[in-house]
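There are 2 protein chains.
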Amino acid sequence: MIQTAVLGFGTVGSGVVEVLDRNSDKINGTVREGINVKYILDLREFPESPYRDKVVHDYDVILNDPDIKIICETMGGKEPAYTFSRKALEKGISVCTSNKELVAAKGPELISIAKEHNCSYMFEASVGGGIPLLRPIVTSLEQEKITKVTGILNGTTNYILTKMDAEGADFDETLGEAQAKGYAERNPEADVEGYDTGRKIAILTSLISGGTVKFEDVYCEGIAKITQEDFRAARLAGGVIKLLGICELGEDGRYTVMTAPFIVGRESPLAMVNDVYNGILIHGNMVDDVMFYGQGAGRYPTASAVVADVVDCARNIGKWIPIDWDGSKVEELAPFFERKGKFMVRVDIDERAAVAMAFGTSVQVLDAATGEFTFITGELTEKDFADKAASLKTVRNSIRVLADK
Amino acid sequence: MIQTAVLGFGTVGSGVVEVLDRNSDKINGTVREGINVKYILDLREFPESPYRDKVVHDYDVILNDPDIKIICETMGGKEPAYTFSRKALEKGISVCTSNKELVAAKGPELISIAKEHNCSYMFEASVGGGIPLLRPIVTSLEQEKITKVTGILNGTTNYILTKMDAEGADFDETLGEAQAKGYAERNPEADVEGYDTGRKIAILTSLISGGTVKFEDVYCEGIAKITQEDFRAARLAGGVIKLLGICELGEDGRYTVMTAPFIVGRESPLAMVNDVYNGILIHGNMVDDVMFYGQGAGRYPTASAVVADVVDCARNIGKWIPIDWDGSKVEELAPFFERKGKFMVRVDIDERAAVAMAFGTSVQVLDAATGEFTFITGELTEKDFADKAASLKTVRNSIRVLADK
Numbered sequence: 001m002i003q004t005a006v007l008g009f010g011t012v013g014s015g016v017v018e019v020l021d022r023n024s025d026k027i028n029g030t031v032r033e034g035i036n037v038k039y040i041l042d043l044r045e046f047p048e049s050p051y052r053d054k055v056v057h058d059y060d061v062i063l064n065d066p067d068i069k070i071i072c073e074t075m076g077g078k079e080p081a082y083t084f085s086r087k088a089l090e091k092g093i094s095v096c097t098s099n100k101e102l103v104a105a106k107g108p109e110l111i112s113i114a115k116e117h118n119c120s121y122m123f124e125a126s127v128g129g130g131i132p133l134l135r136p137i138v139t140s141l142e143q144e145k146i147t148k149v150t151g152i153l154n155g156t157t158n159y160i161l162t163k164m165d166a167e168g169a170d171f172d173e174t175l176g177e178a179q180a181k182g183y184a185e186r187n188p189e190a191d192v193e194g195y196d197t198g199r200k201i202a203i204l205t206s207l208i209s210g211g212t213v214k215f216e217d218v219y220c221e222g223i224a225k226i227t228q229e230d231f232r233a234a235r236l237a238g239g240v241i242k243l244l245g246i247c248e249l250g251e252d253g254r255y256t257v258m259t260a261p262f263i264v265g266r267e268s269p270l271a272m273v274n275d276v277y278n279g280i281l282i283h284g285n286m287v288d289d290v291m292f293y294g295q296g297a298g299r300y301p302t303a304s305a306v307v308a309d310v311v312d313c314a315r316n317i318g319k320w321i322p323i324d325w326d327g328s329k330v331e332e333l334a335p336f337f338e339r340k341g342k343f344m345v346r347v348d349i350d351e352r353a354a355v356a357m358a359f360g361t362s363v364q365v366l367d368a369a370t371g372e373f374t375f376i377t378g379e380l381t382e383k384d385f386a387d388k389a390a391s392l393k394t395v396r397n398s399i400r401v402l403a404d405k
Numbered sequence: 001m002i003q004t005a006v007l008g009f010g011t012v013g014s015g016v017v018e019v020l021d022r023n024s025d026k027i028n029g030t031v032r033e034g035i036n037v038k039y040i041l042d043l044r045e046f047p048e049s050p051y052r053d054k055v056v057h058d059y060d061v062i063l064n065d066p067d068i069k070i071i072c073e074t075m076g077g078k079e080p081a082y083t084f085s086r087k088a089l090e091k092g093i094s095v096c097t098s099n100k101e102l103v104a105a106k107g108p109e110l111i112s113i114a115k116e117h118n119c120s121y122m123f124e125a126s127v128g129g130g131i132p133l134l135r136p137i138v139t140s141l142e143q144e145k146i147t148k149v150t151g152i153l154n155g156t157t158n159y160i161l162t163k164m165d166a167e168g169a170d171f172d173e174t175l176g177e178a179q180a181k182g183y184a185e186r187n188p189e190a191d192v193e194g195y196d197t198g199r200k201i202a203i204l205t206s207l208i209s210g211g212t213v214k215f216e217d218v219y220c221e222g223i224a225k226i227t228q229e230d231f232r233a234a235r236l237a238g239g240v241i242k243l244l245g246i247c248e249l250g251e252d253g254r255y256t257v258m259t260a261p262f263i264v265g266r267e268s269p270l271a272m273v274n275d276v277y278n279g280i281l282i283h284g285n286m287v288d289d290v291m292f293y294g295q296g297a298g299r300y301p302t303a304s305a306v307v308a309d310v311v312d313c314a315r316n317i318g319k320w321i322p323i324d325w326d327g328s329k330v331e332e333l334a335p336f337f338e339r340k341g342k343f344m345v346r347v348d349i350d351e352r353a354a355v356a357m358a359f360g361t362s363v364q365v366l367d368a369a370t371g372e373f374t375f376i377t378g379e380l381t382e383k384d385f386a387d388k389a390a391s392l393k394t395v396r397n398s399i400r401v402l403a404d405k
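Chains as they are written, first to last, in this note's numbering: chain X, 1 to 405; chain R, 1 to 405.
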C-alpha cells in the first residue's frame, strides 16, 4: 500500500478521503499496490466521522513517518500550507494541492524543491476544479504554440452572472442568494473582484510560457458594477456577460494577461458555460480551438482532480514529474494600456454628439431610444479608450467586447 | 535526434511532417534531443514538396534502419496499415496513428505486441481529432467511475446537421455541398450511416471498460433520413438534432453502446457544438460532467494529436506507455432493445386516436395543427417503442430524445 496523508479535513480534504475510499477498486486497477490514507491533519476532532481514527494534530507525526509517500495539501492559504509543503518535499514526499493562492505565489519554488528531492509538486485542482486541464496542457498540447487562453475560471461569479441574466435581479441580491446557498463565501472579495480568476490565469500563463507570471502584474477587474442595463446591452449586441481570464501572446513575444467582464457573442462556446461551470478555450497554432468544460469548484470535482494527481505521483514514486515553470524567469508582460479591443459603452442620450466627437460616427449603435445611448466602439487601445471615455460626462458603464477570433 | 518515419503522405501525414517542422522549437523544449522525420513512405513521388528527399517507396528501408524509433501511421484502412504497424512494434518501434478503423479492429492486439516489445501503440488522433481526449481519460480520469459518454464524434455529419438546421436545405443538397467543400468524402457512407461514430464510441468504451467493445456489436443509425420537419419538431421541443455516440453503464455492469441522431436540449453543452467541431461529454461518479471540445478532423488538428503521441513516445523510448485495453475480454453489451428513453414521433394528424391507443394520452404534444401530429413519448424501452410504433400506419420519422441527465 502507498501511504498518504491529507492536510486539512475541510470541504476538499474530506472529499479527497472519500474519493480514494469510494473509488478504490478503480484506482487499484491503475496503482496495483493500492493507496491508503494513513493520517488526516486537522486542529479539530471529528468524533462522528468514520475516519476519526486517522486524525492527528501534530504535523511532525506525518513528516516523521517514513511510510508516507504523498501528501494532499487541502488547507488553502499561504501559511502554514507553504511551510508544510516545503518540509514534505524536502523529505522526498510528493505534494498534491488544490491551493491556487499558494501555487500562484510559490509554485515554481516548490516545483524546484520537488525536482531536487525526486518527488513532485502537483496542482491540477488549483485551476478549473475537476476539469482535466493542467495535465492536458503539459502532456497533450506540448507540441502546440498556444497563443491565447480565454477562460471562465471562477464558478461563484459565473453563477452570479448567470442568475442575474436569467432572473433580472441585481448584483447585491444575487450575491446574497449565492452566499445563502454556499456558492459564495461570506467575504466574497477574492471572487467578485476577479482576484481568484487572476491567480488562475497567472498560473495558466506561467505553465504555457515556461516562465513566471506574477499575480500582482495581472490586470484585474471584477463584476460588482454590472447592472441589468449592461445585460440588456449585451443582449442587444447578441451576447452574454462573462468574467474572463485571458492571456494572449503578442507578436513581440510578450503576453497580455488580464481578468475582466466581457460581452461574449452567443456563437462562442464560452457563451453556454453557465452556473458554477468553468470553460477554458485554448488556441494553439496547429490544433486551433480546443475547450475544456466542467465544474470549476465543489467538493467532489475538486477532490477528484487532487486524487488524479495522487494517482500520478503513486505511479512515479521516487521520480519528479516534469513541469516547466521557471521561477527565475519572470515574464515581462505587455503594457496593459496598449491592449486593443472594442468596448460597449452606455451614456445619457444627450451625449450622442459628444460620442461622435470622441469615437467618430461609425460606432455600432445598440440603443438610442430609452434615454440611454448604448454603442460599441471600433477597435481601440485601452489608453485611447480611457482618454476618449474621460471626455464624456455620463458614462454609466463600459464593458469590453470579446473579439470573434 | 530521435528519428521517425511517416507512413502515408496524404492529408494527415503531410500535416504531421509540418507540425514537427513548424513547432520544432516548442517540441525541442520538451524532447531535448529533438525529433526528426527521416523517411516518408508513399507510393507517389512529391517533386514539388520541400520534403521530397525523404520519400521512400519500400517499407523495408524504414524497418531495417536501426535509427528509427517512432513511426506515424497515417495511411488509414486496415491493410497494409495493420501489417506495417505490427512489424514495427515487433522491432520495438513505437507506432502513433490516426487510423480509427484499424484501432477499432486491432487496437488491443497491437497494444499487447507493443507491451511485449517495450514500445507503445498510441492513437489519440483516432477519436476526436485534435482534441486531447484519450490521454486525459487514461491519465486524468483514472480515479473516476465513468458511467456515461455522450459524444459528437463525427465532423462531417455535424457540419451537415448544422447547415440543414441553419439554412433549411435538405439532406442530399447539404451533403453535396459538404462534398464540394471537401468536408465529406465522395463515398460518404462511413460518416452518414454512423459507422465512423460507431467505431469511435467502440474505442472510447473499450478504454473506459478495460475490455474490448466490438464495432460490430454497436447499434448504428445514421442521419440520411433526417428532414426539415424533424428539425422543426426539434425546435418545438427546445432542442437541436445531433448525431451522438453514446455509451452508458447499466446497474448490471453492462454497457449500452450506440450511435443515432438525437434531439439534444438547448441547455446541454453539446447543443452548441456546431459545424465540423466535436464535443465529448463524460460523466464520472465524482467529477460529474466534463466536456472536451475542438476540431474532430482536419489536417492540422489531427496531425497535432499524432505529434502529441510522438512526443510522448519520444519521452518514453524503450518503455511501454500503459493503456488498459484487454483484447481477450470481449465486453458483453446490454441488449439494445432493453434500452430506455423518450422518442419524438411524427405521424399524420388523423392518427391521433391511434397514438393515444398505443402510447396513452399523456404524450407531450409538440404540434397538432399542420396536418401532422408530432409528439414525444414517455420513457419506453426500444422494444416497446418499436412495437407501439408498428401499430401506427403513418410514422414519418422518429428520433430519440436525449435525457437531461
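One or more hints might be untrue.
The list treats identical chains as interchangeable, and a pair is accepted whether it falls inside one copy or across any two copies.
What the hints assert, rightly or not - The calculated lysine-lysine pairs, modelled on DSS-like cross-linking and capped at a C-alpha distance of 27 Å, are: (1) 115 with 319; (2) 115 with 383; (3) 225 with 319; (4) 148 with 26; (5) 145 with 69; (6) 342 with 38; (7) 342 with 78; (8) 145 with 26; (9) 163 with 342; (10) 91 with 38; (11) 54 with 340; (12) 26 with 329; (13) 319 with 340; (14) 225 with 87; (15) 163 with 87; (16) 319 with 69; (17) 87 with 181.
Just so you know, these hints were derived from the structure itself, not from any lab.
Keep in mind it's a predicted model, so treat the numbers as computed, not measured.
To see whether the hints hold, each was checked on the structure:
Proximity of residue 115 and residue 319 under a CA criterion of 27 Å is satisfied in both settings, with 8 Å inside one chain copy and 22 Å between copies. Taking the shortest alpha-carbon separations for residue 115 and residue 383, neither the intra-copy value of 43 Å nor the inter-copy value of 59 Å comes in at or below 27 Å. Within a single copy, residue 225 and residue 319 get their C-alpha atoms no closer than 48 Å, and across copies no closer than 55 Å, so neither meets the 27 Å cut-off. Only between protomers do residue 148 and residue 26 lie at most 27 Å apart by alpha-carbon distance; the minimum there is 16 Å, versus 36 Å within a single protomer.
Taking the shortest alpha-carbon separations for residue 145 and residue 69, only the inter-copy value of 25 Å comes in at or below 27 Å, while the best intra-copy value is 35 Å. Proximity of residue 342 and residue 38 under a CA criterion of 27 Å is satisfied in neither setting, with 55 Å inside one chain copy and 48 Å between copies. For the homomeric pair residue 342 and residue 78, neither the shortest alpha-carbon distance inside one copy (37 Å) nor that between copies (51 Å) is at most 27 Å. For the identical chains of this complex, residue 145 and residue 26 are inter-copy neighbours only, at 7 Å across copies versus 35 Å inside a copy, given an alpha-carbon limit of 27 Å.
Proximity of residue 163 to residue 342 under the C-alpha cut-off of 27 Å is restricted to the intra-copy arrangement: shortest distance 26 Å within a copy versus 30 Å between copies. For the homomeric pair residue 91 and residue 38, the shortest alpha-carbon distance inside one copy (17 Å) is at most 27 Å, but the shortest distance between copies (45 Å) is not. With identical chains, the CA atoms of residue 54 and residue 340 are never at most 27 Å apart, being 55 Å at best within one copy and 44 Å at best between copies. Taking the shortest alpha-carbon separations for residue 26 and residue 329, only the inter-copy value of 17 Å comes in at or below 27 Å, while the best intra-copy value is 40 Å.
In this homomeric assembly, residue 319 and residue 340 never come within 27 Å of each other (Cα to Cα): the closest approach is 44 Å inside a single copy and 48 Å across copies. Neither within a single protomer nor between protomers do residue 225 and residue 87 lie at most 27 Å apart by alpha-carbon distance, with minima of 43 Å and 65 Å respectively. Taking the shortest alpha-carbon separations for residue 163 and residue 87, neither the intra-copy value of 44 Å nor the inter-copy value of 59 Å comes in at or below 27 Å. For the identical chains of this complex, residue 319 and residue 69 are neighbours both inside a copy (11 Å) and across copies (24 Å), given an alpha-carbon limit of 27 Å.
For the identical chains of this complex, residue 87 and residue 181 are neighbours neither inside a copy (37 Å) nor across copies (60 Å), given an alpha-carbon limit of 27 Å.
Figure legend: structure checked against the earlier numbered hints; hints not met, in rising order: 2, 3, 6, 7, 11, 13, 14, 15, 17.
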